[in-house]
Every structure is written in C-alpha cells, then in structure tokens.
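Number of protein chains: 2
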Amino acid sequence: MPRLKCIVAYDGTRYAGYQVQPNGNTVQEELEKALAKMHKGEKVKITASGRTDSGVHAKGQVIHFDTNLTIPPSNWKRALDSMLPPDIHIADAEEAADDFHARYDATGKEYRYFVWNSREPDIFRRHFSCHVKIPLNLEAMKKACRIIEGEHDFTSFCSSRTDVKGSKVRTIHQAFIEKDGAELTFIFKGSGFLYNMVRILVGTILEVGRGEREPEDLKAMIEALDREAAGKTAPPHGLFLWKVDY
Amino acid sequence: MPRLKCIVAYDGTRYAGYQVQPNGNTVQEELEKALAKMHKGEKVKITASGRTDSGVHAKGQVIHFDTNLTIPPSNWKRALDSMLPPDIHIADAEEAADDFHARYDATGKEYRYFVWNSREPDIFRRHFSCHVKIPLNLEAMKKACRIIEGEHDFTSFCSSRTDVKGSKVRTIHQAFIEKDGAELTFIFKGSGFLYNMVRILVGTILEVGRGEREPEDLKAMIEALDREAAGKTAPPHGLFLWKVDY
Numbered sequence: 001m002p003r004l005k006c007i008v009a010y011d012g013t014r015y016a017g018y019q020v021q022p023n024g025n026t027v028q029e030e031l032e033k034a035l036a037k038m039h040k041g042e043k044v045k046i047t048a049s050g051r052t053d054s055g056v057h058a059k060g061q062v063i064h065f066d067t068n069l070t071i072p073p074s075n076w077k078r079a080l081d082s083m084l085p086p087d088i089h090i091a092d093a094e095e096a097a098d099d100f101h102a103r104y105d106a107t108g109k110e111y112r113y114f115v116w117n118s119r120e121p122d123i124f125r126r127h128f129s130c131h132v133k134i135p136l137n138l139e140a141m142k143k144a145c146r147i148i149e150g151e152h153d154f155t156s157f158c159s160s161r162t163d164v165k166g167s168k169v170r171t172i173h174q175a176f177i178e179k180d181g182a183e184l185t186f187i188f189k190g191s192g193f194l195y196n197m198v199r200i201l202v203g204t205i206l207e208v209g210r211g212e213r214e215p216e217d218l219k220a221m222i223e224a225l226d227r228e229a230a231g232k233t234a235p236p237h238g239l240f241l242w243k244v245d246y
Numbered sequence: 001m002p003r004l005k006c007i008v009a010y011d012g013t014r015y016a017g018y019q020v021q022p023n024g025n026t027v028q029e030e031l032e033k034a035l036a037k038m039h040k041g042e043k044v045k046i047t048a049s050g051r052t053d054s055g056v057h058a059k060g061q062v063i064h065f066d067t068n069l070t071i072p073p074s075n076w077k078r079a080l081d082s083m084l085p086p087d088i089h090i091a092d093a094e095e096a097a098d099d100f101h102a103r104y105d106a107t108g109k110e111y112r113y114f115v116w117n118s119r120e121p122d123i124f125r126r127h128f129s130c131h132v133k134i135p136l137n138l139e140a141m142k143k144a145c146r147i148i149e150g151e152h153d154f155t156s157f158c159s160s161r162t163d164v165k166g167s168k169v170r171t172i173h174q175a176f177i178e179k180d181g182a183e184l185t186f187i188f189k190g191s192g193f194l195y196n197m198v199r200i201l202v203g204t205i206l207e208v209g210r211g212e213r214e215p216e217d218l219k220a221m222i223e224a225l226d227r228e229a230a231g232k233t234a235p236p237h238g239l240f241l242w243k244v245d246y
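So the protein sequences, as listed, match chains V and G. Note that the first sequence ends on residue 246 in UniProt numbering; no numbers are left out. Note that the second sequence ends on residue 246 in UniProt numbering; no numbers are left out.
There may be inaccurate statements among the hints.
Which copy is meant is left open, because identical chains are indistinguishable; a pair holds if it fits in one copy or across any two.
Below are the DSBU-like pairs computed for lysine-lysine, each with C-alpha atoms no more than 35 angstroms apart in a straight line [said to hold, decoys possible]:
1) Lys179 / Lys219
2) Lys142 / Lys77
3) Lys77 / Lys133
4) Lys179 / Lys243
5) Lys133 / Lys33
6) Lys40 / Lys232
7) Lys133 / Lys40
8) Lys59 / Lys243
9) Lys43 / Lys133
10) Lys133 / Lys37
11) Lys165 / Lys33
By construction, these hints were calculated from the structure, which means they are not laboratory data.
Whole structure, please, built from the sequences with the hints as guidance.
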C-alpha cells in the first residue's frame with residue numbers, strides 16, 4: 001500500500017490546534033474527513049511531524065498516510081486539496097518510502113514568529129502577527145538570539161504541560177530576526193522544539209526588546225532549568241511552523 | 001457642536017458592506033453602535049466619503065459626525081477605537097471645520113486592488129487578494145492602464161445597479177501596477193469612481209493579462225458607453241479604499 005507524504009499549509013485561526021481532541025474543530029479532523037470522503041468513508045490514519053496549538057499557523061506542516069487508492073501521485077495534491085476548506089491547503093504531495101515517518105524521520109524544524117512593532121495596529125495582519133506598540137530594541141534582541149543558539153537544556157523554555165519525560169536538550173542551529181518596516185520576523189531553526197518553546201523564547205526576547213531584561217540574562221535563565229526563570233509565553237497567532245527537514 | 005473627521009480602516013470580510021442596510025451587519029452600524037455607547041445611547045449621524053461593497057476593505061475611509069461630548073480631540077481616536085471590534089480601526093481623528101463634509105468635499109480617491117498571481121494560492125491572503133492561477137502578461141496590462149488614464153465617460157465600467165443619474169464622466173489621474181513577487185497591486189487615483197468601477201476595470205485588465213483581450217480594445221470599450229462591452233467584475237475581496245483626498 002503506497003505511502004503519501006504531503007506538505008500542508010493552514011491558517012490556524014478557527015482551529016483548536018492541529019491534533020484531534022474532544023472539544024473543538026482541528027486541522028487533523030478536516031484532513032481525516034477529506035481522506036475519508038476519498039476512501040468511501042474508510043478512516044485513514046494520518047501522522048504529522050508534530051502538533052501545533054490553537055491559533056498557530058503552518059506554512060510547511062508535513063503529514064504521511066497510507067492509501068490503497070490508485071490515484072497517480074501527481075494528481076494527489078489537487079485531489080486532496082479540492083476536498084479541504086479554504087484555510088487548509090496541500091502545498092505538495094508525493095509518494096514516500098514505505099517506512100517514511102513524518103514525525104520520527106524529521107531531522108529539524110523551522111519556526112517563524114511575526115511581530116508588528118508600531119503604535120498603530122495593522123488590522124489586516126491581526127490573525128498573523130503579534131502587535132507590540134512600544135518601540136523594541138532590535139540590537140538587544142539580536143544579542144539575546146545569539147545566546148540561545150547552540151545546544152542547551154531548554155527546560156526553562158518548556159511549558160510545564162509538556163509530556164516530554166526524557167531529555168530537554170535541544171540544538172538551535174540559528175536564531176535571528178529580520179526587520180522590514182514595522183514587521184519583525186523571528187526565525188528559529190533547530191533539531192527539535194519543546195512544547196511552547198518558540199513562544200516562550202519570543203516572549204522572553206520581547207521582554208529584552210522592551211528593556212525589562214538584559215540580553216545576558218538569558219544565560220542564567222537557561223541555567224536555571226526552571227520555567228519560572230524565563231519570560232511570558234508569546235500569543236499563538238504570530239507563530240508559523242515554517243518547514244520540516246528530513 | 002464640534003465636527004469630528006476620522007480616518008477608518010476596516011477588514012470588510014465579515015461585513016455586508018459599509019452602509020447600513022436591512023440585511024446583514026455593516027461597518028456603519030458598528031461605528032454608530034460605538035458612538036451611541038459614548039453618547040449615552042443617543043444616535044449620532046455619520047457621513048462617509050462613500051460606501052464600499054460587501055467584502056471590500058478600507059485603509060483610509062473618511063467619516064464625519066457632530067458631537068456634544070467634551071472629549072479633547074487628541075483623545076477621540078483612542079476613545080472611539082476602544083469601542084470598536086478588532087476588524088475596524090480608527091487610524092486618525094481630528095476636529096474639522098463646521099462645514100466639512102466627508103462626501104461632498106472629497107476631491108479625489110485612491111483605490112488599490114491586490115492580485116496573487118501564482119499557481120499556488122497563499123491561504124493567508126485569501127481574504128485580501130484575488131488569486132489568479134495562470135500567468136498574466138504584465139506589459140499588456142500596463143498598456144491597458146495607460147489607455148484608461150485621463151477624462152472619459154466610464155458608462156461601460158459602471159454597474160447597471162448604479163443610482164448615478166447624471167454624468168458618468170470621471171478623470172483617472174493615475175492607473176498603474178506594481179509587482180512584488182507573485183503579488184500585483186493595481187493602483188487607481190481619480191477624481192471619483194462610479195459604482196463597481198474599479199472592480200470592472202480590474203476584471204477587464206485581467207482579461208487583457210490572460211490574453212483574452214488586447215490592450216487597445218479598451219478604447220472601443222470606453223467609446224461603447226455600454227456595460228456589456230467591458231469585462232467581468234473582479235471579486236470584492238481584493239479591493240481596498242486606500243485614501244480619500246480633500
């Protein structure tokens with residue numbers, strides 16, 4: 001039975017996150033509904049690279065599933081896309097190796113977090129970026145980014161609601177900020193990320209940008225191995241799962 | 001009684017247009033509700049530079065109203081803004097002359113229309129730009145823009161549902177297209193615009209871009225003085241009322 005790998009984009013605004021759960025509509029549910037329609041009502045099990053929280057978006061979520069349909073791989077993208085609501089889009093679909101696994105085979109991920117830094121809001125970005133009214137110190141935030149790069153135990157930057165029981169050591173290959181007018185883009189590339197890790201990192205770096213903390217404070221925060229040491233969790237709607245590497 | 005002039009931005013997605021009407025929620029209604037709250041339930045009459053259709057957005061709609069509240073003009077922006085839903089924003093508020101009129105004193109308007117020209121949709125722009133999958137001929141569309149510039153009778157580019165009974169002669173000072181990757185921005189600056197005029201112009205220019213019409217065909221279309229001669233009306237969600245001049 002061939003295995004399909006798909007790249008999925010979604011606007012997370014009206015979803016209770018990626019993963020199926022008792023309350024609320026989820027992205028996975030929409031994908032499962034669409035696949036069930038294509039498979040004459042039969043349930044198709046979907047595996048994603050990981051979950052995303054309520055309100056978080058994706059440009060490049062990756063999923064896999066097995067199918068007995070005899071659709072040529074080149075037609076899968078359009079066939080599945082046409083069954084989905086306008087806020088979920090299949091950006092790519094291809095046949096994968098029988099043992100490809102969207103979660104276990106991921107070697108790295110990229111997340112991006114968008115901040116609109118201006119006194120005036122941009123209402124047209126309100127679901128896709130976090131509005132910060134007071135001027136942020138970009139140089140200080142860039143310094144903070146350099147401190148978090150590398151291999152660290154990120155316990156301080158992991159929500160206490162995590163279900164990770166093993167090591168919280170992760171490697172951030174790159175953490176940097178791009179500025180385009182009032183729009184700041186925080187880019188994080190790493191081996192893997194803990195629950196809420198990017199949002200806690202951004203929330204903390206924004207505190208540095210506001211002058212409430214010094215960039216150097218991040219060293220002690222990492223060493224504390226205590227969620228209480230780090231800053232607030234930034235809101236979900238600025239965050240995008242941008243890319244998954246295999 | 002002082003007269004206030006406000007610049008209003010709105011995301012038109014969930015509104016049945018600007019102007020109050022029997023069915024559906026409108027931007028004007030939200031503004032009136034907010035002003036009534038501020039005026040102890042008293043109804044405040046609002047006049048706008050013009051209406052916008054269902055799904056059409058505004059960066060710079062202008063309204064005026066009279067008020068007997070003793071709020072300093074510098075506090076009006078925040079006071080009114082705080083009463084409005086997140087998809088309507090007061091970008092500016094100032095005291096105007098007693099005889100200022102948002103509609104009659106307008107000397108010109110700027111509209112922008114956004115097209116996302118790529119095989120792939122950008123789901124994050126789906127409410128704010130019109131997706132055109134097939135490649136468009138930019139040079140041909142630029143030629144078409146130059147033909148519509150100047151003073152013309154735009155009867156062919158006016159919806160038959162207009163309530164304009166007089167002259168349909170209008171002057172387009174500038175019509176041009178900016179390209180930034182897959183995003184095309186159609187910019188129209190003119191003395192005034194008829195009902196659906198920008199959307200019919202864009203719909204027609206897109207037919208030129210697709211090779212279905214020649215740029216020179218626009219001359220005959222203008223001369224025909226017949227709505228049937230021009231192209232289709234482009235969808236509302238790509239359109240922004242960008243600026244009103246006084």
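I'd like to know which numbered hints this structure contradicts. Please list them from smallest to largest. 6
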